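Trainee: Here are the chains, one letter per residue:
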Amino acid sequence: MSSATAVARRFVPERKVSAGRALRVVALIVLDAVVALSVPKLFGDGTAFFASGILLVVAGINVVLLFDRLAPWRWLAPGIALLVLLTVVPVAYTCYVAFTNYSDSHLLSRTQAVRALEVDTYLPKGAPVSPWKAYRAADGSTALYLAPAAGAEGRLVTSTGQSRTLTPGADGVGALQDGAPASIPGYTRLTLAQTVVSLKALQDARYGPPGEVVRITSLSAAANYQQRYTYDDATETVTDRQSGKTFTPRRGTFTAADGTTISPAFRASIGWGNFAQLFGDKVIRSVALQIFLWNIVFAVLGVALQFVAGLIISVALNDRAVPRRLAKVIRSILLLPYVIPSFLTVLVWGAMLNPNIGLVTTAMARLFGVDANWVANPTGSKLAVLLVVFWLGFPYFVLVVSGGLQAIPGELLEAADVDGAGPVQRFRSVTMPILMRMIGPLIVLHMAGNFNNFLVIFLLTKGSPPFEGTPVPAGHSDILLSFTYKLSFTFGNGANYGLAAVITMLIFLILLPIVASQFRYYAVWQED
Amino acid sequence: MTQQARRFDRRNFLGLTGAAGLAALAAACSSGSSTGSATPTPSPAGGSPAPTSAPAPSASATAPAVSGSPSASVTPPVTVGNIPGAPTLTMWVDSQYVAQHAAAAKGFSDKFGANVKVQPFGFNDILTNFQKAGPAGNGPDLIDANIDWLGPLQQAGLVAPVDFGANAAKFDKRALDGWTQNGAVLGMPITVESLCVLRNPKLLPEPLTNWSQLKTAMDGLVAKKVKYPIVYDSNAYVYIGILTAFGGYCFKQAPDGKVDIADVGLDKPGTVQALDLLATSLKNGWTKPAVDANVVAKAFPANQIGLQVTGPWQILPYQDAKATFAIDPLPAGPAGPAVPWLSARGLLVNKLSKNAALAQSFLTDYWAADGPMATFAKVTAKQSAWLPAQKSNDDATVQALTKAAATALPIPSTPALQAFWPAVGDGLTLLFNKQSTPDKVARTAQAAVSAAAKKAA
Chain V
1 MSSATAVARR
11 FVPERKVSAG
21 RALRVVALIV
31 LDAVVALSVP
41 KLFGDGTAFF
51 ASGILLVVAG
61 INVVLLFDRL
71 APWRWLAPGI
81 ALLVLLTVVP
91 VAYTCYVAFT
101 NYSDSHLLSR
111 TQAVRALEVD
121 TYLPKGAPVS
131 PWKAYRAADG
141 STALYLAPAA
151 GAEGRLVTST
161 GQSRTLTPGA
171 DGVGALQDGA
181 PASIPGYTRL
191 TLAQTVVSLK
201 ALQDARYGPP
211 GEVVRITSLS
221 AAANYQQRYT
231 YDDATETVTD
241 RQSGKTFTPR
251 RGTFTAADGT
261 TISPAFRASI
271 GWGNFAQLFG
281 DKVIRSVALQ
291 IFLWNIVFAV
301 LGVALQFVAG
311 LIISVALNDR
321 AVPRRLAKVI
331 RSILLLPYVI
341 PSFLTVLVWG
351 AMLNPNIGLV
361 TTAMARLFGV
371 DANWVANPTG
381 SKLAVLLVVF
391 WLGFPYFVLV
401 VSGGLQAIPG
411 ELLEAADVDG
421 AGPVQRFRSV
431 TMPILMRMIG
441 PLIVLHMAGN
451 FNNFLVIFLL
461 TKGSPPFEGT
471 PVPAGHSDIL
481 LSFTYKLSFT
491 FGNGANYGLA
501 AVITMLIFLI
511 LLPIVASQFR
521 YYAVWQED
Chain S
1 MTQQARRFDR
11 RNFLGLTGAA
21 GLAALAAACS
31 SGSSTGSATP
41 TPSPAGGSPA
51 PTSAPAPSAS
61 ATAPAVSGSP
71 SASVTPPVTV
81 GNIPGAPTLT
91 MWVDSQYVAQ
101 HAAAAKGFSD
111 KFGANVKVQP
121 FGFNDILTNF
131 QKAGPAGNGP
141 DLIDANIDWL
151 GPLQQAGLVA
161 PVDFGANAAK
171 FDKRALDGWT
181 QNGAVLGMPI
191 TVESLCVLRN
201 PKLLPEPLTN
211 WSQLKTAMDG
221 LVAKKVKYPI
231 VYDSNAYVYI
241 GILTAFGGYC
251 FKQAPDGKVD
261 IADVGLDKPG
271 TVQALDLLAT
281 SLKNGWTKPA
291 VDANVVAKAF
301 PANQIGLQVT
311 GPWQILPYQD
321 AKATFAIDPL
331 PAGPAGPAVP
341 WLSARGLLVN
351 KLSKNAALAQ
361 SFLTDYWAAD
371 GPMATFAKVT
381 AKQSAWLPAQ
391 KSNDDATVQA
401 LTKAAATALP
411 IPSTPALQAF
421 WPAVGDGLTL
431 LFNKQSTPDK
441 VARTAQAAVS
451 AAAKKAA
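As given, the protein sequences belong to chains V and S, one line each in that order.
So in our numbering, spot 214 of the first sequence is number 214, and the numbers just go up one at a time.
So in our numbering, spot 56 of the second sequence is number 56, and the numbers just go up one at a time.
Source of the hints: derived by calculation from the structure; they are not laboratory data.
Predicted model, so just to flag it, every value in this text is computed and none were measured.
Hints are supplied without guarantee of correctness; some may be wrong.
To be verified - Straight-line distance between alpha carbons at most 20 angstroms, and here's what the computed EDC-like set of lysine to aspartate or glutamate pairs gives:
(1) S:Lys-224 x S:Glu-206
(2) S:Lys-354 x V:Asp-120
(3) S:Lys-434 x V:Glu-468
(4) S:Lys-111 x V:Asp-178
Unchecked claim - Now the in silico label distances, taken between C-beta atoms and shown as ranges:
(5) S:Ala-457 x V:Pro-78: 52 to 58 angstroms
(6) S:Lys-132 x V:Glu-468: 48 to 54 angstroms
(7) S:Asp-320 x V:Ile-510: 43 to 49 angstroms
(8) V:Thr-239 x S:Asn-182: 15 to 21 angstroms
(9) V:Thr-239 x S:Ala-457: 57 to 63 angstroms
(10) V:Trp-272 x S:Thr-209: 54 to 60 angstroms
(11) S:Lys-132 x V:Leu-31: 27 to 33 angstroms
(12) S:Thr-437 x V:Trp-272: 34 to 40 angstroms
(13) V:Leu-85 x S:Pro-269: 55 to 61 angstroms
(14) S:Asp-320 x V:Asp-319: 24 to 30 angstroms
(15) V:Val-348 x S:Thr-209: 26 to 32 angstroms
(16) V:Ala-351 x S:Thr-209: 52 to 58 angstroms
We put the beta carbon where it would ideally sit given N, CA and C, even for glycine.
Let's have the full structure, built from the sequences with the hints guiding it.
Mentor: Okay, here's the thing in C-alpha cells:
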C-alpha cells in the first residue's frame with residue numbers, strides 16, 4: 001500500500017495544478033450538483049437505502065479524486081462502488097425489511113397510503129349524481145352543465161366557483177340538445193372528443209361554490225363528492241369526515257379507538273414480530289429444523305455424489321489404457337447434460353418420474369415391483385431430488401477433475417512409481433492431495449450454491465410430499481429457500497416480504513462461514 | 001504433443017460453446033413459443049394439477065378462466081386508436097385475450113375518441129406486477145382481474161369503486177356480489193366460470209346426478225377395465241364443488257352471497273365425508289394419484305377416463321384433441337346440490353390512475369352494455385356476467401357450462417382465502433398419497449384457514 005502510494009506519487013505530481021486536476025474538479029462539481037439536486041427525489045418512499053448507497057458512493061468518489069494521496073484507491077473505487085450498491089445495500093435493506101410488516105396487506109409506504117386515502121370520496125346522503133356536459137369560457141376556465149333530476153332545474157357550475165340555474169331556451173340559453181343546452185352565452189360547448197381530450201383537467205377541477213363542490217367521476221357522472229379522509233401531519237392521524245372517527249397509526253394500520261381499521265395499511269416496523277412468528281410456534285420450529293437438516297444433506301450429498309462420479313469417470317478416462325481420442329469423445333458426450341438448460345432437464349426428469357406415465361417409475365414397477373408412486377413418499381422424493389441434482393452436476397466435475405489430472409506433473413507420478421508405489425498408493429498420496437488443493441474450493445462453493453438450488457426442488461417436487469398437520473405449507477423435500485418461497489408468497493394473506501427477509505437473513509448467516517472458509521484456500525496461493 | 005493437445009482442447013471448447021449456444025437458443029425458442037401455455041401450467045387453471053403438486057400460489061388457484069391454450073404465444077401490446085392529442089388508457093390483460101380485449105376497446109375508441117393500449121401479461125403476473133407498480137403510481141389505468149384478487153388489492157388500496165347505477169341489475173347478481181366489498185362495487189365482471197363434470201359418453205351414457213350412484217357407475221367401468229374410472233382435478237377449487245354436496249364448506253356463504261369468514265367449515269362432518277369419498281375412490285382403484293394435466297391430455301381422448309371432475313379450462317384441450325365428452329353439472333349429495341365457487345373475470349380501475357374518469361367511463365358508459373358484453377362472451381366462448389348476453393348466447397358448450405354453474409356462489413374475496421389454497425392442496429396431496437387420513441386433512445386445513453380468517457377479520 002505504501003509502496004503503491006509512492007508509485008502513484010511519481011505519476012501525480014503534487015502541488016501543481018494540472019489541466020487534468022482542474023478537469024477532475026469540474027467533473028466533480030457537476031456530479032455533486034446533479035446528486036445534490038436529485039437528493040430529495042432519491043430519498044423518496046422506500047428508496048432510502050438505495051439513496052444512501054448512492055450518496056456513500058458519491059462521497060467516496062469525491063474523497064479519492066480530491067486527495068492525491070489516495071490515488072491508488074482510484075483503481076479500487078469502481079469495485080468498491082459496485083460492492084456497496086449491489087451487495088451491501090441489498091443486504092442492509094433485507095435486514096431492515098425483516099423487522100417490518102412489509103407484505104401484500106402492508107404494501108404502501110405511509111405517504112403512499114395517505115395519498116391513497118386522500119383520493120377516497122364519499123357522497124353525502126341524498127346528494128344527486130348528475131349527467132353533465134362541459135363548456136369552455138373565453139378565458140379558458142371551464143363549466144359544467146348538470147342535468148336536473150325530475151322536477152328540478154339544470155345548473156351551471158363553473159371552475160371559478162360560481163353556480164347558477166339555467167333554463168334552456170330562455171335568456172339566450174340554447175334549447176336542450178343531447179341532454180344539455182346547445183349554447184350558453186359566454187361559453188362554447190365542448191364536443192365529446194374535446195371533452196375526452198381535456199378530461200384529465202376536468203377531473204382535477206372543482207366546480208361550484210365552496211361547500212357544495214362538484215367533481216366528475218366519469219363522462220356521465222358528476223356530484224358533490226367530498227374528500228373522505230384528511231391527514232393531520234402534526235398528530236399523524238387520519239380523520240374520517242363521513243363518520244367523524246379519528247384513526248391513529250398502530251403497527252402499520254390506521255386504527256380507531258374502537259378498533260375499526262381502514263385500508264390501505266402501510267409498511268411499519270414491527271420489531272421482532274416476524275422472528276416471533278417463525279420461531280414462536282413449536283410446530284413451525286420443528287418443521288424448519290427438519291428442513292434445515294435436509295437442506296444440509298441435500299447441499300453436501302448432492303455435490304459429493306457429483307464429485308465422486310466426476311472423479312471416477314475422469315480417472316478412468318485418464319488411464320493410459322484408454323485411447324486419447326476415445327477419451328475426448330466420451331468426455332464431450334458426458335458434457336451434454338451440463339450444456340442443456342437445466343430447467344428442461346428437470347422437467348424431463350419430472351415426466352420420467354411421473355407414477356402414471358413416467359418411463360423410470362413404470363419400468364421400475366414392472367421390473368422390481370416398486371410402488372410407481374415412490375416419488376411421493378418422503379424418502380423417495382429426497383432420492384429423486386438428489387438423483388436429478390447428481391445428473392445435472394457430475395459433468396461439471398468430469399470437466400474440472402480431468403483438467404486437474406492433466407495438470408499434475410507426470411514427473412511426480414513417475415517418481416512415485418520409482419519409489420515403488422502401487423496405483424492405489426500413487427492415487428492416494430500424489431494425485432488426490434494435489435487435486436484437492438486445486439478443486440477443493442470449487443467443491444465447497446458448489447455446496448454453498450447447491451444449498452439454494454431452488455430450481456430443482458421447485459420444478460421437480462415443489463417440496464412434496466407435505467408434512468402432515470403443519471399450520472404452514474412445508475414438504476419433506478423442501479429446502480430452506482423453497483420453504484421461504486411457500487411461506488412468504490403462497491401462504492397466508494398474500495406475499496409476506498418481512499417473513500421472507502427473516503429466512504433470507506438466516507440463509508445468509510448460514511452461508512457466511514462456508515464462504516469465509518474459502519479464504520483459507522485462497523491463502524494457499526498467497527505469495528509473500 | 002502438448003501443443004496438439006492444447007489445440008484439441010481449444011477445438012473442443014469451441015464446439016462446446018457452440019453447443020451451449022445452440023442449446024440456449026433452443027431453450028429461448030421453446031420458452032418463447034411455450035410461454036402462453038407454460039404460464040398457466042403450474043396453476044390448476046392450466047389443467048388438472050397433479051394430486052402430488054401443491055396448489056398454485058394464491059390467486060392463481062382460482063383462475064379457471066385461464067385456459068391452457070397451447071396455441072397461445074407471446075403477444076406484443078396492441079394500441080387501439082391513433083388519435084393525436086387524445087388521452088390513452090392503458091390496460092393490462094391476460095395475454096390469451098389480447099385480441100378480444102383490443103376488439104372490444106375499438107368500439108370505445110371510435111365512439112369516445114380516446115386511445116387504448118392493451119398490454120399483455122401472463123394472467124397471474126398481472127396481480128404481482130400491479131402490486132409492485134401500482135403503489136408507485138406506475139400502474140395501468142385498468143387491469144384484467146379475478147374476484148379473489150379484490151381482497152388483497154382493496155387491502156392494498158389499489159382499487160377504485162365503480163358505480164353502474166341502474167345497469168347494476170343487468171349483471172349476474174352472483175358475479176356482481178363477488179365484485180362487491182363493503183357495499184362498493186370494485187370493478188366490472190365480464191365473464192363467469194365454475195366447475196363441471198366431463199363425461200365420456202362412450203363409457204358412461206348417463207350422467208352421474210348424485211354421488212350415491214358413484215359405486216354402481218365405477219363398478220361398471222372397473223369391469224370394463226377403464227384405466228381411470230374417475231379423475232378428480234385435485235385442486236382446492238374443485239374440492240369445494242365436491243364437499244358442498246355433503247354439507248361441508250370453506251366459509252359459510254348465504255344464498256345472497258354474504259360470506260361469514262368467522263364460520264369456517266373445513267372440519268364439518270360433510271367435509272370429512274367428501275374426503276372419505278376421495279379416499280374410497282382411491283382405495284377401490286376408481287382413481288389414481290398424480291393424475292396431472294399431462295396424463296389426462298393423453299388418457300381422455302384414448303377413452304381411459306370415465307368421469308372427470310374439473311372446470312371449463314379442460315374443454316379447449318379436449319376439443320383440440322378431438323375427444324368425445326359431455327358436460328354435466330356436479331353430482332348432488334346428501335346435503336343437496338353441489339355449490340361450487342363461481343369465479344368472475346373482469347376489469348378493475350386503478351385507484352391511483354391519472355385517467356380515472358376516463359377509465360370509469362370505459363366501464364360504465366361503454367362496456368356495461370349488450371353489444372360489447374355479448375361480443376366478448378362470443379369470441380372468448382365464455383359464459384357472460386351480463387344477463388342479456390348470457391341469455392342470448394346459443395353456443396351449446398357455453399349453455400352446458402351455464403347450466404353446470406347454476407348453483408354456484410361467488411368465490412369469497414377475503415384475503416384469508418389465500419391460506420385455503422396451500423392448506424387444502426397439501427391435504428389433498430397427502431390424501432392421494434395415502435399419507436394422511438380424511439380426519440387429519442380436515443383438521444389441518446380448518447386450523448390454517450381459521451387462523452388466516454382471524455387475521456383478516
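Trainee: So, for every hint listed, does it hold in this structure?
Mentor: Evaluation of the provided hints:
1. This hinted pair checks out: Lys-224 (chain S) and Glu-206 (chain S) have alpha carbons roughly 16 angstroms apart, not beyond 20 angstroms.
2. For the hint linking Lys-354 (chain S) to Asp-120 (chain V), the alpha-carbon distance of about 14 angstroms falls within 20 angstroms, and the restraint holds.
3. Simply put, Lys-434 (chain S) and Glu-468 (chain V) have alpha-carbon atoms about 11 angstroms apart, close enough for the 20 angstroms limit, and the pair holds.
4. At roughly 15 angstroms between alpha-carbon atoms, Lys-111 (chain S) and Asp-178 (chain V) fall within 20 angstroms of each other, so this suggested pair holds.
5. The given range of 52 to 58 angstroms is respected by Ala-457 (chain S) and Pro-78 (chain V), whose C-beta atoms sit roughly 53 angstroms from each other.
6. Separated by about 35 angstroms at the C-beta atoms, Lys-132 (chain S) and Glu-468 (chain V) break the suggested range of 48 to 54 angstroms.
7. At about 48 angstroms, the CB distance of Asp-320 (chain S) to Ile-510 (chain V) agrees with the hint of 43 to 49 angstroms.
8. Range check, Thr-239 (chain V) to Asn-182 (chain S): Cβ separation about 19 angstroms, and the 15 to 21 angstroms hint holds.
9. Distance hint for Thr-239 (chain V) and Ala-457 (chain S): a CB-CB separation of about 24 angstroms, inconsistent with the stated range 57 to 63 angstroms.
10. The given range of 54 to 60 angstroms is respected by Trp-272 (chain V) and Thr-209 (chain S), whose C-beta atoms sit roughly 56 angstroms from each other.
11. Taking the beta carbon of each, Lys-132 (chain S) and Leu-31 (chain V) are about 30 angstroms apart, inside 27 to 33 angstroms as hinted.
12. Our hint of 34 to 40 angstroms for Thr-437 (chain S) and Trp-272 (chain V) holds, since their Cβ atoms are close to 37 angstroms apart.
13. The supplied range of 55 to 61 angstroms is met by Leu-85 (chain V) and Pro-269 (chain S), whose beta-carbon atoms lie about 59 angstroms from each other.
14. The given range of 24 to 30 angstroms is broken by Asp-320 (chain S) and Asp-319 (chain V), whose C-beta atoms sit roughly 54 angstroms from each other.
15. Distance hint check: the CB atoms of Val-348 (chain V) and Thr-209 (chain S) are about 42 angstroms apart, inconsistent with the given range 26 to 32 angstroms.
16. Between Ala-351 (chain V) and Thr-209 (chain S) the C-beta distance comes to about 37 angstroms, which lies outside the given range of 52 to 58 angstroms.
This entry does not satisfy hints 6, 9, 14, 15 and 16, going by the numbered hints stated previously.
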